[in-house]
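Starting from the known structure of chain R, arrange chain Y on it as the hints suggest.
There are 2 protein chains.
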Amino acid sequence: MNDLKAFFAEVSALVNAELEWLIPAEGPGPRSLRDAMRWSLFGGGKHFRPGLVFAVGRTFGALDEKLVRTAAAVEMIHTYSLIHDDLPSMDDDDLRRGRETCHKKFGEATAILAGDALQVIAFQAIAEDEKLSHGTRIDLIRGLSRAAARMVVGQQHDLEAEGKELNLEEIETIHVNKTGALIAFSAAAGAIVAGAEAKDVAVVSKYAEGLGLLFQITDDLLDVTATSEELGKTAGKDLAAEKATYPKVLGVDATRTKLSEVLEVTASLLDRLSVETSLLRSIADFLVSRRF
Amino acid sequence: MNDLKAFFAEVSALVNAELEWLIPAEGPGPRSLRDAMRWSLFGGGKHFRPGLVFAVGRTFGALDEKLVRTAAAVEMIHTYSLIHDDLPSMDDDDLRRGRETCHKKFGEATAILAGDALQVIAFQAIAEDEKLSHGTRIDLIRGLSRAAARMVVGQQHDLEAEGKELNLEEIETIHVNKTGALIAFSAAAGAIVAGAEAKDVAVVSKYAEGLGLLFQITDDLLDVTATSEELGKTAGKDLAAEKATYPKVLGVDATRTKLSEVLEVTASLLDRLSVETSLLRSIADFLVSRRF
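From first to last, the protein sequence lines stand for chains R and Y.
For the record, in the first sequence the residue sitting at position 267 is 267 according to this note's numbering, with numbers rising by one throughout.
For the record, in the second sequence the residue sitting at position 91 is 1091 according to this note's numbering, with numbers rising by one throughout.
Chain R extracted, bound-state conformation:
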């Protein structure tokens, strides 16, 4: 687990440096827009998705310098989605990662525009990554755009589900799109950059879908069992908003059982790869054990 901590610390340093280069503190254009993007980008995110890009990329032998731009792009898409999801007309959140949400700090219009800008800069960054071939860039943009479109679909489903009784299948449809799609792409991206075979790209995508599910189930559990201070966001919020969650449908104990089952299935996928997968396996274990 200490190795994994060091790994994610290394990823954060690499990704933050790339993001600093892509969206520096000083530059042309309105100051507030730049500040708003940076407020959310450098807001203490755990860099789980960029971590997956690096973990899978390194697993298949890609150099860091070929992975870092894509990892930063994924983080920009993730951050844009958080900014928009937090808006008053959406989830109406005041707190994110332990501090004010973007619209609380900079106003609603600037927050919407900061999200819009982050989304487009993510695509620009990949399109202009001279370290990758045109074909690789196209594959990445295709995958990232599909994931980002599915995130919007998931968010719309999620909003429409508030106050409704959902079954497990409906809940999973939301998560698979809203959070799973970008997590799956992050893993696939690492393999794509490394030039892995299509069948291996498919396996790591599937593995990462499993991670997404583990992530969500743990998140739902923590919303019930952790405090706001531990989470860095409002605890009990899903419950209060009558959101569909695993504990709400299954109860806490059955949710824990489900978590173990998904972990087993996810880890077993890695047996299909002919590369050393201990890093990927430890990420799955870590997700299940996290406390905040």
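These are computed hints drawn from the structure, not numbers from a lab.
There may be inaccurate statements among the hints.
Restricting the straight-line Cα-Cα distance to at most 27 Å, the calculated cross-link-like pairs of lysine-lysine (DSS-like) are [as the list claims (entries may be wrong)]:
no., chain 1, residue 1, chain 2, residue 2
1, R, Lys46, R, Lys131
2, Y, Lys1046, Y, Lys1066
3, Y, Lys1046, Y, Lys1131
4, R, Lys46, R, Lys206
5, R, Lys258, R, Lys5
6, Y, Lys1206, Y, Lys1046
7, R, Lys164, Y, Lys1105
8, Y, Lys1164, R, Lys105
9, Y, Lys1066, Y, Lys1005
10, Y, Lys1131, Y, Lys1066
11, Y, Lys1258, Y, Lys1005
12, Y, Lys1131, R, Lys199
13, R, Lys104, Y, Lys1164
14, R, Lys105, R, Lys46
15, Y, Lys1066, Y, Lys1199
16, R, Lys248, R, Lys258
17, Y, Lys1104, R, Lys164
18, Y, Lys1104, Y, Lys1046
19, R, Lys66, R, Lys199
20, Y, Lys1248, Y, Lys1164
21, R, Lys131, Y, Lys1131
22, Y, Lys1005, Y, Lys1206
23, R, Lys104, Y, Lys1104
24, Y, Lys1199, R, Lys131
Coordinates of chain Y only, in the frame set by chain R:
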């Protein structure tokens, strides 16, 4: 001028068919999101930007089938920007192209998400355009993403300028980004798809920047001189919002003089091209003469 009407009618038919294929009325995902995207996409837009893609593309000898996807992508980016610009926290507009704005019809959350989705589908559509080489697709995505980023910058500038006294240079900085960037890209895109030389791509970009300026100056004039019914949106709105406009800074007569000057400069750029440019010239003339 009748030729130009027929040209734009043809472009509208081609682009609408492509958009119908990209975002059909029936399909997976939440109905409301699809309906909201289509409400704004098929809301009677004049397809000026897609028209430029075709006009420049044909001028340099590109086939329609290679141009139509890019033309549709440009229209999606334009539409997304209108949806977000109309939001209550931005320009707060109820009326667009003679009918309810997206958020009036579908609610704010769905409108934000419809805009987000249109932006990303635009990039996906180009990335997946099998009629173009990888290199061409990358050049288009690079140009489109840069334009879209500048649109956000222009909108943020515009919002921050409300109620302030701006000089002409500041007004033009806003327009060059907010509307000019995508217009310039639309022209460049046609030349890129046609495989035109870099120097010719630069000339048509410059020409289209001129068109953007002509478009904006005419728009500002019409806000003062036309009725809401003619415009299909609220007339006198810029004045009421204390927005910086050409007539406000220069007065109506000097604005008309400025219009003639920009037309002359814009048209003269076309002399640098060694292809037949009468279609491009007639578009410039048309912009200046439009009444709504």
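Here's how the hints hold up against the structure:
| no. | hint | result |
| --- | --- | --- |
| 1 | R:Lys46 - R:Lys131 | holds (26 Å) |
| 2 | Y:Lys1046 - Y:Lys1066 | holds (21 Å) |
| 3 | Y:Lys1046 - Y:Lys1131 | holds (26 Å) |
| 4 | R:Lys46 - R:Lys206 | holds (22 Å) |
| 5 | R:Lys258 - R:Lys5 | holds (26 Å) |
| 6 | Y:Lys1206 - Y:Lys1046 | holds (22 Å) |
| 7 | R:Lys164 - Y:Lys1105 | holds (23 Å) |
| 8 | Y:Lys1164 - R:Lys105 | holds (23 Å) |
| 9 | Y:Lys1066 - Y:Lys1005 | holds (22 Å) |
| 10 | Y:Lys1131 - Y:Lys1066 | holds (6 Å) |
| 11 | Y:Lys1258 - Y:Lys1005 | holds (26 Å) |
| 12 | Y:Lys1131 - R:Lys199 | holds (26 Å) |
| 13 | R:Lys104 - Y:Lys1164 | holds (24 Å) |
| 14 | R:Lys105 - R:Lys46 | holds (21 Å) |
| 15 | Y:Lys1066 - Y:Lys1199 | holds (21 Å) |
| 16 | R:Lys248 - R:Lys258 | holds (13 Å) |
| 17 | Y:Lys1104 - R:Lys164 | holds (24 Å) |
| 18 | Y:Lys1104 - Y:Lys1046 | holds (21 Å) |
| 19 | R:Lys66 - R:Lys199 | holds (21 Å) |
| 20 | Y:Lys1248 - Y:Lys1164 | holds (12 Å) |
| 21 | R:Lys131 - Y:Lys1131 | holds (25 Å) |
| 22 | Y:Lys1005 - Y:Lys1206 | holds (24 Å) |
| 23 | R:Lys104 - Y:Lys1104 | holds (24 Å) |
| 24 | Y:Lys1199 - R:Lys131 | holds (26 Å) |
Of the numbered hints stated above, none is contradicted by the structure.
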